[in-house]
Amino acid sequence: MSTAPRLIEVRAKILKQNDLLARELREQFRRSGVYVVSLVSSPGSGKTAFLEKLLARLSANHRVAALVGDLATENDAARLQRAAPQVKQITTGTVCHLDAQMVEKALEPWDLNELDFLFIENVGNLVCPSSYDLGEELRLVLLSTTEGEDKPLKYPTIFNGADIAVITKMDLAAAAEFDLAAAHRNIQSVRPGMCVMEVSSKTGQGMDEAISFLHVQLEASRAAAAQKVM
Amino acid sequence: MHELSIAVSMVERIIEESEGRGGLQVEAVHLRLGVLSGVDKDALAFSYEIACEGTFLVGSRLVIETVPLLIYCDICKMEHAPESIQQMDCPQCHSPSQKIIRGRELEVAALEITA
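Protein sequence lines, in the order shown, are assigned to chains D and X. Numbering-wise (this note's numbering), the first sequence opens with residue 1 and increments by one. Numbering-wise (this note's numbering), the second sequence opens with residue 1 and increments by one.
Treat each hint with caution, since some may be false.
With a straight-line cut-off of 25 Å between C-alpha atoms, the simulated BS3-like cross-links for lysine-lysine are [to be verified]: (1) K99(X) <-> K154(D); (2) K13(D) <-> K105(D); (3) K99(X) <-> K16(D); (4) K88(D) <-> K53(D); (5) K202(D) <-> K53(D); (6) K16(D) <-> K105(D); (7) K41(X) <-> K16(D); (8) K77(X) <-> K99(X); (9) K154(D) <-> K41(X); (10) K88(D) <-> K105(D); (11) K99(X) <-> K13(D); (12) K13(D) <-> K41(X); (13) K202(D) <-> K88(D).
Listing some non-contacts, in silico: residues in chain D with all C-beta distances to chain X over 12 Å [unchecked claim]: (14) R26; (15) R30; (16) S42; (17) H62; (18) R63; (19) Q86; (20) W110; (21) N113; (22) L138; (23) K154; (24) L180; (25) Q217.
A few chain X residues that don't get close to chain D, going by computed Cβ distances all over 12 Å [stated by the list, open to error]: (26) S9; (27) D40; (28) A45; (29) F46; (30) E49; (31) I50; (32) E53; (33) F56; (34) V58; (35) P68; (36) K77; (37) M78; (38) A81; (39) P82.
Hints were generated in silico from the structure; no laboratory data involved. Every value quoted in this text rests on a predicted model; they were computed, and no experiment measured them. Positions of the beta carbon are idealized from the N, C-alpha and C atoms, including for glycine.
Looking at chain D on its own, in the form it has when it is part of the complex (with noise of 0.2 Å):
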């Protein structure tokens, strides 16, 4: 008997089963008609209060929710949900990231067919989120004026494979000394062809033009999903 080791071809996806998990909250979420949008960047550097200007404006007219993610503590959710009722938080204890189990477990109790727009904003880490598909629609990256405009260089990753980045505290801009043509260039640079925004929550500069585009982006998706059905 032989016992010279032997290679067998396996191919095995390493995390399938979130793979797996996030394509059928992707197509559940298609099928309610409601648009998911994620936000991932480093802490502090103002989801929470992009998302609270977001959920303020759209919960005029949409049925918005949110999902948010951190370590520990219910602060952001309390926050959030003085913008919009349905918010939830989820505490990870000791987990960096987001996953597709932890998004689904959350949503359970909710109906999403009564929903417009669904946001996940995951744990403030600009490593971890990025191996993990949300089933989400869209991956907003925000980095704020004050972080610096190499940020992209140094987290390509993220950057890559978000949709969108978002460049957040605008009003800081000048003080911080950010240059803006710089940010724009190292986004372009590990992300080619990237859309970027540019926002203040504190201003207000920039939000009429990401509420439109949400606005776009969520009819187009509903266009989409009905053709799909015909």
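Fit chain X to the supplied structure of chain D, relying on the hints for placement.
Structure of chain X alone, referenced to chain D:
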């Protein structure tokens, strides 16, 4: 650091694959890790040992193959290796169009077993 979560998922996948083939004696695990997978090689190797504890994979070797980037340029109609993950446009025509062909891999390619 999410490499421990990844390592745990990986061990689960290997056990699944091994049991599906009637229980294999796994000596080594060959992993393909894309440069854009978001996973750090050293942290994963460290986490793998911990994740193997209490399973039949204890003592198995982890062989990691790093998969470089490959993009397809719509303008050149060709595959190219971009300069780096910080410079992802087409190295030839510098067009922004990008389709990533390789570089996101996070998969167990093969299992080395004793027959």
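Hints, verified against the model:
Under the criterion of a C-alpha separation no larger than 25 Å, the hint pairing K99(X) with K154(D) is consistent with the structure, at around 21 Å. The hinted pair formed by K13(D) and K105(D) meets the criterion: a straight-line CA distance of about 23 Å does not exceed 25 Å. About 22 Å separates the Cα atoms of K99(X) and K16(D), which keeps this hinted pair within 25 Å; it holds. A C-alpha spacing of about 17 Å is found between K88(D) and K53(D), which places the hinted pair at or below 25 Å, so the restraint holds.
A hinted pair counts as satisfied when its Cα atoms are at most 25 Å apart, and K202(D) with K53(D) qualifies at roughly 9 Å. Distance check on the hinted pair: K16(D) and K105(D) sit about 18 Å apart at the alpha-carbon level, within 25 Å; holds. In summary, the hint linking K41(X) to K16(D) is supported, as the alpha carbons are separated by about 19 Å, within the 25 Å threshold. Taken as a hint, the K77(X) and K99(X) pair is honoured in the structure, with Cα atoms around 11 Å apart against an allowance of 25 Å.
Under the criterion of a C-alpha separation no larger than 25 Å, the hint pairing K154(D) with K41(X) is consistent with the structure, at around 17 Å. Taken as a hint, the K88(D) and K105(D) pair is honoured in the structure, with Cα atoms around 11 Å apart against an allowance of 25 Å. Restraint check for K99(X) and K13(D): satisfied, since their Cα atoms lie roughly 20 Å apart, inside the 25 Å limit. At most 25 Å may separate the alpha-carbon atoms for a hinted pair to count; K13(D) and K41(X) meet this at roughly 16 Å.
Of the pairs offered as hints, the one joining K202(D) and K88(D) holds, with about 24 Å between alpha carbons and a cut-off of 25 Å not exceeded. Non-interface call for R26(D) relative to chain X: holds, since the shortest CB-CB distance, roughly 18 Å, exceeds 12 Å. At roughly 23 Å, the least C-beta separation between R30(D) and chain X is larger than 12 Å, which holds for a residue marked as non-interface. The claim that S42(D) lies off the interface holds: its Cβ sits roughly 15 Å from the closest Cβ of chain X, which is beyond the 12 Å cut-off.
Distance check on H62(D): its Cβ is at least 32 Å (rounded) from any Cβ of chain X, clearing the 12 Å threshold; non-interface status holds. No beta-carbon of chain X comes within 12 Å of the beta-carbon of R63(D); the shortest separation is about 33 Å. Every CB of chain X lies more than 12 Å from the CB of Q86(D), the least distance being 28 Å, so the non-interface label holds. The Cβ of W110(D) lies farther than 12 Å from every Cβ of chain X, with a closest approach of about 26 Å, so its non-interface assignment holds.
The beta carbon of N113(D) sits about 32 Å from the closest Cβ of chain X, which is more than 12 Å, so the claim that it is off the interface holds. With a least beta-carbon separation of about 18 Å from chain X, L138(D) lies farther than 12 Å from that chain, consistent with its non-interface assignment. With a cut of 12 Å on Cβ distances, K154(D) falls inside the contact zone with chain X, its closest approach being about 9 Å. Under the 12 Å C-beta cut-off, the non-interface status given to L180(D) relative to chain X holds; the minimum distance is some 19 Å.
Every C-beta of chain X lies more than 12 Å from that of Q217(D), the closest at about 21 Å, which supports listing it as non-interface. Some Cβ of chain D comes within 12 Å of the Cβ of S9(X); the nearest lies about 5 Å off, and the non-interface call is violated. Not every CB of chain D is more than 12 Å from the CB of D40(X) (nearest about 8 Å), against its label as outside the interface. For A45(X), the shortest C-beta to C-beta distance to chain D comes to about 14 Å, beyond the 12 Å cut-off, and the non-interface label holds.
Chain D leaves F46(X) outside its interface by the beta-carbon criterion, the shortest separation being 16 Å against a cut-off of 12 Å. The beta carbon of E49(X) sits about 16 Å from the closest Cβ of chain D, which is more than 12 Å, so the claim that it is off the interface holds. Separation of I50(X) from chain D is adequate, the least Cβ-Cβ distance of about 14 Å exceeding the 12 Å criterion. At the 12 Å boundary, the C-beta of E53(X) stays outside the reach of chain D, the nearest C-beta of that chain being 18 Å off.
Here F56(X) stays apart from chain D, with its beta-carbon at least about 15 Å from theirs, past the 12 Å limit. At roughly 17 Å from the closest C-beta of chain D, the C-beta of V58(X) stays outside 12 Å, upholding its exclusion from the interface. Every CB of chain D is more than 12 Å from the CB of P68(X) (nearest about 14 Å), matching its label as outside the interface. With a least beta-carbon separation of about 17 Å from chain D, K77(X) lies farther than 12 Å from that chain, consistent with its non-interface assignment.
Interface exclusion of M78(X) from chain D stands, the closest Cβ pair being 16 Å apart, more than 12 Å. Every CB of chain D lies more than 12 Å from the CB of A81(X), the least distance being 15 Å, so the non-interface label holds. Separation of P82(X) from chain D is inadequate, the least Cβ-Cβ distance of about 9 Å not exceeding the 12 Å criterion.
Figure legend: structure checked against the earlier numbered hints; hints not met, in rising order: 23, 26, 27, 39.
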